[in-house]
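J.: Sequence:
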Amino acid sequence: MFTTVIGHVLAVCIGLSLGLIGGGGSILAVPILVYVMGVGTKVAIAMSLVIVGTVSLVGAIPHGIQGNVNLKMALVFTPAAMVGAYLGARLTALPSITETIQLICFGVVMVIASVLMIQKSKTEMVDTALIIEEQGASSIQHYGWIIPLEGLGVGILTGFVGVGGGFLIIPALVLVGGIPMKEAIGTSLVIIAAKSGTGFFGYIHQVTVDWALVGSLTVAASLGTLVGSYLTRFINDEDLQTGFGYFVFLVAIFVLIRH
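The sequence shown begins at 0 in numbering that gives the first Met the number 0 and counts up by one.
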(Lines of atoms letter the chains of each structure in order from A and count residues from 1; the text may use other names and numbers.)
(Lines give C-alpha, C1' and ligand atoms only; values in the text may rest on other atoms or scores of the structure.)
Protein backbone atom coordinates (compact mmCIF):
# COMPACT_ATOMS: atom_id res chain seq x y z
CA MET A 1 0.00 0.00 0.00
CA PHE A 2 2.80 2.41 0.96
CA THR A 3 4.64 1.64 -2.30
CA THR A 4 1.48 2.32 -4.29
CA VAL A 5 0.99 5.69 -2.61
CA ILE A 6 4.63 6.68 -3.21
CA GLY A 7 4.36 5.62 -6.84
CA HIS A 8 1.30 7.78 -7.40
CA VAL A 9 2.83 10.78 -5.64
CA LEU A 10 5.83 10.44 -7.94
CA ALA A 11 3.43 10.16 -10.89
CA VAL A 12 2.22 13.65 -10.02
CA CYS A 13 5.85 14.75 -10.38
CA ILE A 14 5.89 13.25 -13.91
CA GLY A 15 3.01 15.55 -14.80
CA LEU A 16 4.59 18.56 -13.12
CA SER A 17 7.75 18.05 -15.14
CA LEU A 18 5.86 17.80 -18.43
CA GLY A 19 3.68 20.80 -17.62
CA LEU A 20 6.51 23.03 -16.46
CA ILE A 21 9.39 22.27 -18.84
CA GLY A 22 7.75 20.27 -21.63
CA GLY A 23 9.79 17.12 -20.97
CA GLY A 24 11.34 14.88 -18.36
CA GLY A 25 8.18 12.84 -17.79
CA SER A 26 9.42 9.64 -19.40
CA ILE A 27 12.77 9.97 -17.67
CA LEU A 28 10.88 9.77 -14.37
CA ALA A 29 8.19 7.31 -15.46
CA VAL A 30 10.41 4.34 -16.30
CA PRO A 31 12.44 4.34 -13.03
CA ILE A 32 9.23 4.80 -11.01
CA LEU A 33 7.60 1.81 -12.69
CA VAL A 34 10.71 -0.39 -12.48
CA TYR A 35 12.15 0.46 -9.06
CA VAL A 36 9.08 1.61 -7.12
CA MET A 37 6.20 -0.34 -8.64
CA GLY A 38 8.24 -3.46 -9.47
CA VAL A 39 7.29 -3.65 -13.15
CA GLY A 40 9.56 -5.38 -15.70
CA THR A 41 11.69 -3.12 -17.89
CA LYS A 42 10.03 -3.76 -21.26
CA VAL A 43 6.54 -3.56 -19.75
CA ALA A 44 7.53 -0.39 -17.87
CA ILE A 45 8.69 1.28 -21.08
CA ALA A 46 5.44 0.36 -22.85
CA MET A 47 3.36 1.59 -19.90
CA SER A 48 5.36 4.81 -19.69
CA LEU A 49 4.54 5.53 -23.33
CA VAL A 50 0.81 5.32 -22.57
CA ILE A 51 1.08 7.38 -19.39
CA VAL A 52 3.38 10.08 -20.77
CA GLY A 53 1.56 10.22 -24.10
CA THR A 54 -1.82 10.73 -22.45
CA VAL A 55 -0.49 13.19 -19.91
CA SER A 56 1.32 15.18 -22.61
CA LEU A 57 -1.92 15.46 -24.55
CA VAL A 58 -3.73 16.68 -21.42
CA GLY A 59 -0.93 19.15 -20.72
CA ALA A 60 -1.03 20.48 -24.27
CA ILE A 61 -4.64 21.64 -23.81
CA PRO A 62 -3.93 24.57 -21.42
CA HIS A 63 -0.84 25.45 -23.45
CA GLY A 64 -3.02 25.53 -26.55
CA ILE A 65 -5.58 27.74 -24.83
CA GLN A 66 -2.76 30.13 -23.92
CA GLY A 67 -1.62 30.14 -27.56
CA ASN A 68 1.59 28.24 -26.84
CA VAL A 69 1.21 25.44 -29.40
CA ASN A 70 2.62 25.95 -32.90
CA LEU A 71 0.67 23.48 -35.04
CA LYS A 72 2.77 24.19 -38.13
CA MET A 73 5.98 23.15 -36.36
CA ALA A 74 4.22 20.16 -34.80
CA LEU A 75 3.19 18.96 -38.26
CA VAL A 76 6.80 19.25 -39.49
CA PHE A 77 8.29 17.36 -36.54
CA THR A 78 5.63 14.79 -35.66
CA PRO A 79 5.30 12.41 -38.67
CA ALA A 80 8.99 11.42 -38.67
CA ALA A 81 8.94 11.15 -34.87
CA MET A 82 5.95 8.80 -35.00
CA VAL A 83 7.66 6.55 -37.55
CA GLY A 84 10.86 6.55 -35.48
CA ALA A 85 9.00 5.64 -32.28
CA TYR A 86 7.37 2.64 -33.91
CA LEU A 87 10.68 1.48 -35.39
CA GLY A 88 12.43 1.91 -32.03
CA ALA A 89 9.79 -0.20 -30.30
CA ARG A 90 10.04 -2.94 -32.94
CA LEU A 91 13.83 -3.05 -32.48
CA THR A 92 13.29 -4.23 -28.91
CA ALA A 93 11.69 -7.42 -30.25
CA LEU A 94 15.08 -8.59 -31.52
CA PRO A 95 16.42 -11.53 -29.45
CA SER A 96 19.71 -9.69 -28.84
CA ILE A 97 17.96 -6.73 -27.15
CA THR A 98 17.59 -7.71 -23.50
CA GLU A 99 15.95 -5.69 -20.73
CA THR A 100 19.41 -5.06 -19.25
CA ILE A 101 20.58 -3.52 -22.53
CA GLN A 102 17.48 -1.34 -22.62
CA LEU A 103 18.05 -0.08 -19.08
CA ILE A 104 21.73 0.61 -19.69
CA CYS A 105 20.82 2.57 -22.83
CA PHE A 106 18.15 4.35 -20.82
CA GLY A 107 20.71 5.31 -18.17
CA VAL A 108 23.12 6.66 -20.79
CA VAL A 109 20.35 8.72 -22.38
CA MET A 110 19.47 10.07 -18.93
CA VAL A 111 23.07 11.21 -18.40
CA ILE A 112 23.05 12.99 -21.77
CA ALA A 113 19.66 14.55 -21.00
CA SER A 114 20.81 15.78 -17.59
CA VAL A 115 23.95 17.40 -19.03
CA LEU A 116 21.90 19.15 -21.71
CA MET A 117 19.40 20.36 -19.11
CA ILE A 118 22.15 21.70 -16.86
CA GLN A 119 24.32 23.33 -19.53
CA LYS A 120 21.72 24.48 -22.04
CA SER A 121 20.91 28.08 -21.31
CA LYS A 122 17.39 28.95 -22.37
CA THR A 123 18.46 32.57 -22.67
CA GLU A 124 21.08 31.54 -25.24
CA MET A 125 18.50 29.49 -27.15
CA VAL A 126 16.08 32.40 -27.26
CA ASP A 127 18.82 34.78 -28.43
CA THR A 128 19.77 32.35 -31.20
CA ALA A 129 16.13 31.98 -32.20
CA LEU A 130 15.88 35.77 -32.51
CA ILE A 131 18.94 35.83 -34.77
CA ILE A 132 17.39 33.15 -37.00
CA GLU A 133 14.14 35.10 -37.06
CA GLU A 134 15.98 38.29 -38.06
CA GLN A 135 17.66 36.43 -40.93
CA GLY A 136 14.23 35.71 -42.36
CA ALA A 137 12.08 32.73 -43.23
CA SER A 138 14.53 31.56 -45.90
CA SER A 139 17.10 30.76 -43.21
CA ILE A 140 14.60 28.66 -41.31
CA GLN A 141 13.54 26.86 -44.47
CA HIS A 142 17.18 26.20 -45.33
CA TYR A 143 17.72 24.36 -42.06
CA GLY A 144 14.18 23.00 -41.91
CA TRP A 145 15.26 19.48 -42.93
CA ILE A 146 16.97 19.17 -39.54
CA ILE A 147 13.62 19.13 -37.73
CA PRO A 148 12.12 15.96 -39.30
CA LEU A 149 15.55 14.29 -39.16
CA GLU A 150 15.79 14.96 -35.43
CA GLY A 151 12.16 13.88 -35.13
CA LEU A 152 13.10 10.48 -36.54
CA GLY A 153 16.05 10.14 -34.14
CA VAL A 154 14.11 11.24 -31.08
CA GLY A 155 11.29 8.92 -32.10
CA ILE A 156 13.63 5.92 -32.21
CA LEU A 157 14.85 6.81 -28.70
CA THR A 158 11.26 7.02 -27.53
CA GLY A 159 10.36 3.59 -28.81
CA PHE A 160 13.60 1.92 -27.73
CA VAL A 161 14.03 3.22 -24.18
CA GLY A 162 10.79 5.10 -23.49
CA VAL A 163 12.32 8.58 -23.34
CA GLY A 164 9.99 11.29 -24.61
CA GLY A 165 12.88 13.46 -25.75
CA GLY A 166 11.54 16.87 -24.74
CA PHE A 167 15.13 17.84 -23.87
CA LEU A 168 15.99 17.41 -27.58
CA ILE A 169 12.70 18.53 -29.14
CA ILE A 170 12.53 21.92 -27.42
CA PRO A 171 16.02 23.12 -28.47
CA ALA A 172 15.28 22.05 -32.06
CA LEU A 173 12.02 23.96 -32.11
CA VAL A 174 13.64 27.08 -30.64
CA LEU A 175 16.96 27.08 -32.49
CA VAL A 176 15.87 25.75 -35.88
CA GLY A 177 12.17 26.52 -35.86
CA GLY A 178 12.73 29.99 -34.42
CA ILE A 179 9.70 29.85 -32.11
CA PRO A 180 9.50 31.27 -28.55
CA MET A 181 10.44 29.05 -25.59
CA LYS A 182 6.96 28.77 -24.09
CA GLU A 183 5.56 27.93 -27.53
CA ALA A 184 8.23 25.25 -27.95
CA ILE A 185 7.24 23.69 -24.59
CA GLY A 186 3.56 23.50 -25.56
CA THR A 187 4.39 22.19 -29.04
CA SER A 188 6.71 19.52 -27.63
CA LEU A 189 3.82 18.12 -25.59
CA VAL A 190 1.78 17.57 -28.77
CA ILE A 191 4.75 15.85 -30.43
CA ILE A 192 5.45 13.64 -27.40
CA ALA A 193 1.80 12.59 -27.23
CA ALA A 194 1.71 11.56 -30.90
CA LYS A 195 4.96 9.60 -31.01
CA SER A 196 4.31 7.92 -27.65
CA GLY A 197 1.14 6.51 -29.17
CA THR A 198 2.88 4.94 -32.16
CA GLY A 199 5.73 3.76 -29.92
CA PHE A 200 3.23 1.86 -27.75
CA PHE A 201 1.74 0.17 -30.81
CA GLY A 202 5.18 -1.27 -31.44
CA TYR A 203 5.02 -3.02 -28.05
CA ILE A 204 1.44 -4.35 -28.23
CA HIS A 205 2.42 -7.94 -29.09
CA GLN A 206 5.48 -7.97 -26.82
CA VAL A 207 4.03 -7.16 -23.38
CA THR A 208 1.01 -7.59 -21.13
CA VAL A 209 -0.02 -4.26 -19.62
CA ASP A 210 -1.62 -3.69 -16.20
CA TRP A 211 -4.26 -1.24 -17.42
CA ALA A 212 -5.60 -0.50 -13.93
CA LEU A 213 -2.15 0.69 -12.83
CA VAL A 214 -1.69 2.62 -16.08
CA GLY A 215 -5.04 4.33 -15.54
CA SER A 216 -4.43 5.39 -11.94
CA LEU A 217 -0.90 6.64 -12.65
CA THR A 218 -2.15 8.52 -15.70
CA VAL A 219 -4.82 10.30 -13.64
CA ALA A 220 -2.24 11.29 -11.00
CA ALA A 221 0.23 12.50 -13.63
CA SER A 222 -2.50 14.39 -15.51
CA LEU A 223 -3.34 16.35 -12.37
CA GLY A 224 0.35 17.20 -12.06
CA THR A 225 0.66 18.40 -15.63
CA LEU A 226 -2.38 20.67 -15.33
CA VAL A 227 -0.86 22.23 -12.23
CA GLY A 228 2.53 22.49 -13.96
CA SER A 229 1.03 24.14 -17.05
CA TYR A 230 -0.65 26.72 -14.82
CA LEU A 231 2.52 27.38 -12.81
CA THR A 232 4.54 28.21 -15.94
CA ARG A 233 3.10 31.73 -15.63
CA PHE A 234 4.82 32.29 -12.29
CA ILE A 235 7.92 30.07 -12.14
CA ASN A 236 11.36 30.70 -13.65
CA ASP A 237 11.51 27.51 -15.70
CA GLU A 238 15.20 28.03 -16.58
CA ASP A 239 16.24 27.55 -12.93
CA LEU A 240 13.77 24.69 -12.63
CA GLN A 241 15.25 22.89 -15.62
CA THR A 242 18.78 23.20 -14.22
CA GLY A 243 17.71 21.74 -10.87
CA PHE A 244 15.78 18.97 -12.59
CA GLY A 245 18.88 18.22 -14.66
CA TYR A 246 20.93 17.51 -11.52
CA PHE A 247 18.16 15.26 -10.22
CA VAL A 248 18.01 13.32 -13.50
CA PHE A 249 21.79 12.87 -13.36
CA LEU A 250 21.56 11.28 -9.91
CA VAL A 251 18.77 8.94 -11.05
CA ALA A 252 20.86 8.01 -14.12
CA ILE A 253 23.83 7.06 -11.95
CA PHE A 254 21.51 4.91 -9.81
CA VAL A 255 20.15 3.11 -12.88
CA LEU A 256 23.62 2.45 -14.31
CA ILE A 257 25.00 1.21 -11.00
CA ARG A 258 22.10 -1.20 -10.62
CA HIS A 259 22.84 -2.69 -14.04
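If you are wondering where the hints come from, they were derived from the structure by calculation, not from laboratory data.
Keep in mind it's a predicted model, so treat the numbers as computed, not measured.
Please note that a few of the clues may not be correct.
Unchecked claim - Label pairs and their calculated CB-CB ranges:
#, residue 1, residue 2, range
1, F200, G37, 23 to 31 Å
2, G214, Y245, 25 to 33 Å
3, Q118, L230, 36 to 44 Å
4, L70, I96, 20 to 28 Å
5, F246, I100, 23 to 31 Å
6, Y229, T97, 39 to 47 Å
7, K181, L74, 15 to 23 Å
8, L93, G66, 20 to 28 Å
9, T99, R232, 37 to 45 Å
10, V4, W144, 44 to 52 Å
All C-beta atoms in this analysis are idealised placements derived from N, C-alpha and C, irrespective of residue type, glycine included.
J.: Can you let me know if the beta-carbon spacing of F200 and G37 is within 23 to 31 Å?
T.: 25 Å, holds
J.: Given the hint of 23 to 31 Å, is the C-beta distance from F246 to I100 inside that range or not?
T.: 25 Å, holds
J.: Regarding L93 and G66, is the given constraint of 20 to 28 Å on their beta-carbon distance met?
T.: 43 Å, violated
J.: State, for the Cβ atoms of T99 and R232, whether the hinted interval 37 to 45 Å holds or is violated.
T.: 43 Å, holds
J.: Check the following: the C-beta atoms of L70 and I96 are separated by a distance inside 20 to 28 Å.
T.: 35 Å, violated
J.: Quick check on a hinted range of 36 to 44 Å for Q118 and L230, using CB atoms only.
T.: 24 Å, violated
J.: Within 39 to 47 Å or not, the Cβ separation of Y229 and T97?
T.: Holds: the Cβ-Cβ distance is about 41 Å, inside 39 to 47 Å.
J.: At the C-beta level, are K181 and L74 separated by a distance inside 15 to 23 Å?
T.: 19 Å, holds
J.: Using the beta carbons of V4 and W144, state whether their distance is inside 44 to 52 Å or not.
T.: Given range 44 to 52 Å: holds, Cβ gap about 48 Å.
J.: Starting from the range 25 to 33 Å, see whether the pair G214 and Y245 falls in it by beta-carbon distance.
T.: 32 Å, holds
Hints 3, 4, 8, counting from the list given before, are not met by this structure.
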